[in-house]
Amino acid sequence: MPSPPRKPTTFLIQAFDLAAWPVVLFGEGNAVRYLNAAAEKALGVSRDELFDLAAKYHGLGQLPKALQLVSDLCPASNVWLGEVGTREITLVADETTEEIRWQGIFYPITDQPDTDAVALVRNVMVMLAPPERIPNSGPLQPQEEIHATLQALRHEYRGRYAVSHLVGISTAMIRVRRLVDLASQSRVPVLVIGQPGTGREQVARTICYASNHGQAGPVISIQGELMDAEIMQTTIRAFVRRCLDEDETKHASLILLNAEKMDLGAQSELLHLLDLIDIDLRILSTSSESLLALARRGQFREDLAFRISTLEIELPPLCDRPEDIPYLAQAIVEELNVPSDRQLQSISADAIDRLQQQEWPGNIDQLTEILTTAHEVATGFTLDVTDFPVDVARTPAKKVEAKQAESIDLDAALEAYEREILIRTLKAAKGNKTQAANMLGISRARLHRRIEQWGLE
Amino acid sequence: MDLSDRCVLYEPQPCWAPRLRGLTPTSSVGFVEVRIASEVAKLLQEDSHRLLMVALRDSMTAPQVAARIRQVAEVRSRWPACHVLLLLDEQMDAWHRACWEMGSGLVLIGTKSLPIIGRTIDHFLADLPDETEVPETERDPLDWLPW
Chain A
1 MPSPPRKPTT
11 FLIQAFDLAA
21 WPVVLFGEGN
31 AVRYLNAAAE
41 KALGVSRDEL
51 FDLAAKYHGL
61 GQLPKALQLV
71 SDLCPASNVW
81 LGEVGTREIT
91 LVADETTEEI
101 RWQGIFYPIT
111 DQPDTDAVAL
121 VRNVMVMLAP
131 PERIPNSGPL
141 QPQEEIHATL
151 QALRHEYRGR
161 YAVSHLVGIS
171 TAMIRVRRLV
181 DLASQSRVPV
191 LVIGQPGTGR
201 EQVARTICYA
211 SNHGQAGPVI
221 SIQGELMDAE
231 IMQTTIRAFV
241 RRCLDEDETK
251 HASLILLNAE
261 KMDLGAQSEL
271 LHLLDLIDID
281 LRILSTSSES
291 LLALARRGQF
301 REDLAFRIST
311 LEIELPPLCD
321 RPEDIPYLAQ
331 AIVEELNVPS
341 DRQLQSISAD
351 AIDRLQQQEW
361 PGNIDQLTEI
371 LTTAHEVATG
381 FTLDVTDFPV
391 DVARTPAKKV
401 EAKQAESIDL
411 DAALEAYERE
421 ILIRTLKAAK
431 GNKTQAANML
441 GISRARLHRR
451 IEQWGLE
Chain B
458 MDLSDRCVLY
468 EPQPCWAPRL
478 RGLTPTSSVG
488 FVEVRIASEV
498 AKLLQEDSHR
508 LLMVALRDSM
518 TAPQVAARIR
528 QVAEVRSRWP
538 ACHVLLLLDE
548 QMDAWHRACW
558 EMGSGLVLIG
568 TKSLPIIGRT
578 IDHFLADLPD
588 ETEVPETERD
598 PLDWLPW
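In order, the protein sequences belong to chains A and B.
Residues in the first sequence are numbered consecutively from 1, following this note's numbering.
Residues in the second sequence are numbered consecutively from 458, following this note's numbering.
In isolation and in its complexed conformation, chain A is listed as follows (with noise of 0.2 Å):
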């Protein structure tokens, strides 16, 4: 008896299994749905951890390897309606290795693929080849091309805001790392205390990229002294709908910069919205001083400041740990290096002294704003004092505190006042004496005595 008709599927299945290249099928929700035997070794990963995960190439966070993976060969929009696509992929099988480049063919698999008519997408074939093997794909789509930008995008800003960035040696640095890492792997709101440049928003950015994925969610930051109630509402709903729209996820970050500067009918909105709103807003602001402490001043609504406040981080000034600077200040011209064509490799140990004597009343802002000018001027491979602007080669600026007076001399200061007064007389009556006498209402005589006990002459 002849044995049934095997499905053409079980066919393509076993073909799949033989082949040298690596094959991973997508199918309803982005999910995947298969992934052979060169697959699995290619990606280090076993069929089981990636099956049935939903690629999310949109994601913020720090993604599990097995999302990461599936979020990397996500196909774009265009192919699952129906076009053929083919783009680079990069992919890190595990921290260990090195990343490898493949050509990715985005194959839809169609239920009418004979027939002009439109075709229901089932699944999309993903295929890996060595580059080398399909060197000429083309042009990009525009959804292909948006899609692998954004990917790229996204893995550079999760590189730029990691916790190893927030350098310093420093307690109180060090103390901010720990908060910042306790708020990366929770949901409470956060307020980032800082004097303006010492670099609040890049630590609320960091805890949203270091959050796992899913905590974080999508982000939206505004800028507090630009809002009113009505940008307030009309930006968040915009937002949230759009949450909604495109995700089952129902977490969402916003990172509010200078709340303290929001105008009393922004903070009503925001609150009122944070009770309405059909997702889990999670707020990470930064503020120069306490929400709480302006609260008890009657300058911030009581009650958004608390909401907002839970979990505080203080940021220390510059000028309060000189520690810190030669590794912020060698971790600046890294950063500095990486665009341009001069590749400095230090920093003159007298430079640094010089740094660490300066004020920094714009603390790292200003310290950036000092080596970017030092690192255009630059000649050598180290970068030294005199490439510095004058004002910070030339002098140390940091004043030494004068001790607080206890008291106070009341004649001598009454005379230092007179003494102006007289000054400034004199000058309005461009040296005549009975003028300047006349016009403060003494004699001439008393006027004399001044000049002389004071030698005005």
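In short, the hints are calculated from the structure, not lab data.
The C-beta atom is built at its ideal place from N, Cα and C for all residues, glycine as well.
Where hints are given, some of them may not hold.
Stated by the list, open to error - Chain B residues, not near chain A, derived (Cβ > 10 Å throughout): (1) R476; (2) L480; (3) S484; (4) R492; (5) A494.
Claimed, not checked - Here are the simulated DMTMM-like pairs of lysine to aspartate or glutamate, each with C-alpha atoms no more than 25 Å apart in a straight line: (6) A:K65 - A:D52; (7) A:K261 - B:E531; (8) B:K569 - A:D228.
Once you've looked at the hints, dock chain B against the given chain A.
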């Protein structure tokens, strides 16, 4: 600095400029139109306390949009006093999230957002420090003298 120099519109081809010219705050104070990126950097080097409006068009290629987003993020990190508005065309759905997340500025989509742009510019101008105001420490203790 003149108020008209405070608002900068960066777009290689005029698209938003005619719309913004008729907008209430900019029709009276005006704005600077910039076509190339280096000019943006030059203006911000002079004074970074500006409102930078960056246009992203759906006719731009993906690497061009990505480069613009990257540039905006660099502007924000290098000149934190600079406020950024990203002005997007309606048909740029794929970029909305990236702009919200990575653009480091307020994202405004399509012509219907013109009233919001106007209000934002108003807020920015109102938030500017009064140039005639002298800080307490620099004030002359004898400025009450009539001469």
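Now the hints, each set against the structure:
1. R476: holds, 18 Å
2. L480: With a cut-off of 10 Å, L480 (chain B) remains clear of chain A, as the shortest Cβ separation is near 15 Å.
3. S484: holds, 20 Å
4. R492: holds, 22 Å
5. A494: Non-interface label stands for A494 (chain B): nearest chain A Cβ at 13 Å, farther than 10 Å.
6. A:K65 - A:D52: At roughly 15 Å apart (the allowed maximum being 25 Å), D52 (chain A) and K65 (chain A) satisfy the hint.
7. A:K261 - B:E531: holds, 23 Å
8. B:K569 - A:D228: Holds, at about 18 Å.
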